[in-house]
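**Student:** Read off the chains here:
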Amino acid sequence: MSSTDEELVARSQGGDMDSFNQLVMRWERPIYALAYRTIGREEDARDVCQETFLRAFRALKGFKGQAKFSSWLYRIALNLCRDWIRRERRQPVAQAPEGVDLIELASEATPAETIEDLVARQEISQAVARAMAGLPEDQRTAIILKEYHGLTFQEIADMLDCPLSTVKTRLYQGLSVLRRQLDRNTGFKAGYKHV
Amino acid sequence: MCNKDDLVSFLYDDLEGPARAAFEGHLRGCAGCRDELAAMRGVRADLLTWSPPEPDFAFRIVNESRVTPAAVLRPNVPSWRAWFTPAAGLAAAAVLVLAAAAGLARVEIHKDADGFTVRTGWSAAAPSLADGESRGGFGITRAQDVRLGVPGADTMSELEARVAALETASRNGANVRNAAMLSARASNEEVLKVVRDLLSQSEGRQKTELAIRISQVLRDVDAQRVADLNRVQQGMGRMDASIATEAEARRELTNIILTNSKQR
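Chains A and B, in that order, are what the protein sequence lines are. Just so you know, the first sequence maps onto residues 16 to 210 in my numbering. Just so you know, the second sequence maps onto residues 144 to 407 in my numbering.
Be careful, since some hints might not be right.
[Unchecked claim] Mimicking SDA-like on lysine to any residue, the simulated pairs with C-alpha atoms at most 20 Å apart in a straight line are:
1. B/Lys-147 to A/Gln-169
2. B/Lys-350 to A/Gln-169
3. B/Lys-350 to A/Gln-137
4. B/Lys-147 to B/Asp-178
What the hints contain is simulated information worked out from the structure, not anything from laboratory work.
Next up, chain B with everything else stripped away, as it sits in the complex (with noise of 0.2 Å):
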């Protein structure tokens, strides 16, 4: 009769004296225990492969009358998702959408003698060419240019152009800014999910990619510790072979002499 009380006493080594041999004896005879024993063994071994991850606690109980309530038990280390909130990720997405906005406005900012050049657009990088001028078959638009020269220089009049120009600028740039915006802000979620899953992705392919070159180094140092003992056990040999020759040479060496002394 199988007994699983005692199979499971036997599989934690907790079965002793008679009662251990007499399971011991059943095993002998009962090819369906021994199956389980092993197989519950198996089991055994793949629980050990299952590890918590290392935690980033470090809280400890103080005294309430020195500190506030809330610190009676404090985390030491905030985890990461302390800090990643909507609004953050909110934040990192207008900034990757301002960042594009200025690139795509691409936005210059120039000091020379004359004052400060602020210039937006794309622009040819010869100053040469006129309006609608092409070169190689690209359309070239020329870029929009405000030059703030230093005061008393220009008159008046020019100055207030230039500034209504800047103006002009300023309103065309921020028309554009509010509709990326809108559009961004329409689609953050979506703009947001795909961030998250290329960092998510990029960060388990670098996972994947040091795990390999970590195996890798070990395998390589592996190696050229094996490669190491070879020359090491070829040194060792040669010294030997070295050794034995010389000692044959010094044995003859000593013949020689005996042999002449006793000829004398």
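Pulled out of the complex, with its shape left as it was, chain A reads as follows (with noise of 0.2 Å):
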């Protein structure tokens, strides 16, 4: 049976660093998509989720488990993607040709689906990210957390030390952001309909 992360930072706290890696395994890639999703670069999202850990390790010490250990390390990526975009003075760049593979696609395609519906997929993959890409940081990172991490609306609202009802309302605009220039992508969509 594995352990709880509870567990694990209990027993890295105590300093068994294999529980640590445990932890660094678990948590990894959400922590990696988080911070691609956010700026939008591969190798950039690969050393935000480095530092991410490693600064959880060295602060290790200090986690009093208020928070989960999860939302602890989100908050630890957020900060990290803040700095990178302040730094680079530039917004999150859509990269999604690197994160669609046709030939994944492909095999995991369903028989009925062509490829006329993969390449679909693909482009509407492609115009999220543009889409994405194109909005507010608060807004964008209200989405994120909400739609690809889901995270309750109290839990987000923590994380980024607002009230409630403003993620509510950065959820609400940044959609209808999202849905105006998706929208304006009909082209690709010909035949695609919203459920």
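Starting from two chains that each stand alone, build the complex the way the hints lay out.
**Tutor:** Next comes the structure, spelled out in structure tokens:
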């Protein structure tokens, strides 16, 4: 039976490095995904991910468990992403082609799915990446945490240090912008209808 | 009154009890909110298509006392970007230029009983043609041959003449190569750019082609599966018919036997 995050954190705080590495293995992909979607660059997202775990390891003694370990990691990663964006002084770039592999898609496709379906899916993915990159940072972060990481409104509010209603407003505004942006791409979405 | 917070909560299935019932009541009477909800569900479906690339890291925290500081965080899988440096690109371009120069110079080395023969330049396959001789309307320039024979078999003067010929050939070849290199260096960036573009285009085409083929294979497998199922069903049908016929024959046989036994 695998240990819980809390158990692994307690053992790590006692100096057990293997326990911390188990936490790294458990959370490296979600943290990398968060960083990638926030800053849009594969290499930099990987650097942010490594730096997140390094900072977490160094600060582990001070982690008292008031929040979940994952929320704590997310917060560190988001701060690093924010630093990256300010340092680079630019909007995140849309790098969807790197993230969408036609071959991978083809292998995942159901037999009924044609190559046209795969290409359409890839195009939607690229449009989403571009639209997300154009969102204001706070709206983008709220959408990423809600949509891709399944956090509750309260968890997001705690993480971003803002009221619950602000989180909902950011989500509403962000989704509205995305809706307009994606509707502009109706050219490739011929025959694609929102459910 | 349309409440956007409630709409967002409802969208993420986070509205419960009386609040949910109240919003559902509002939705029944508000076409605007219904449309907005449907559109946002569509946006959420689109968002699911965006996934990050598969990360190729596998770093672990290790004890600093056991390793050098540089290895505290260690990626196990180096990125291709790590080795694809401008220097590597230039080296690759240089190899291409040298290969092209060697191809143009057509360097050939043969070994026979007399020793090694180094040949440069374009020559006809038939060795009997004289200088300037032509065949079939095409001029054939005789190649420069330098034969390195076994010492002692020739006189010293012949040997010196051949060494001089080899030096001349080498100088001429070097001049050609130098010119090619200077020209290549001047256009290194362009060549690299073109090579990268070509590689990128080729990779893209191959990926698309492979994706199409995989998709076709999947469709073929599916079609084959459907055909197999049909065949199995047909076979089952035939077996059913055969069993029914056999059962009928047996019933008739049993009836005949019963009739005969009654008559007796």
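**Student:** If a hint holds in the structure, say so; if it doesn't, say that too.
**Tutor:** How the hints compare with the structure:
Pair hint B/Lys-147 plus A/Gln-169 holds up; C-alpha atoms about 17 Å apart against a cutoff of 20 Å. The straight-line distance between the Cα atoms of B/Lys-350 and A/Gln-169 is roughly 43 Å, outside the 20 Å bound, and the hint therefore fails. For the hint pairing B/Lys-350 with A/Gln-137, the CA-to-CA distance comes to about 13 Å; that is within 20 Å, so the pair holds. For the proposed pair B/Lys-147 and B/Asp-178, the alpha carbon gap of about 13 Å is at most 20 Å, so the pair holds.
Checked against the numbered hints above, the structure violates only hint 2.
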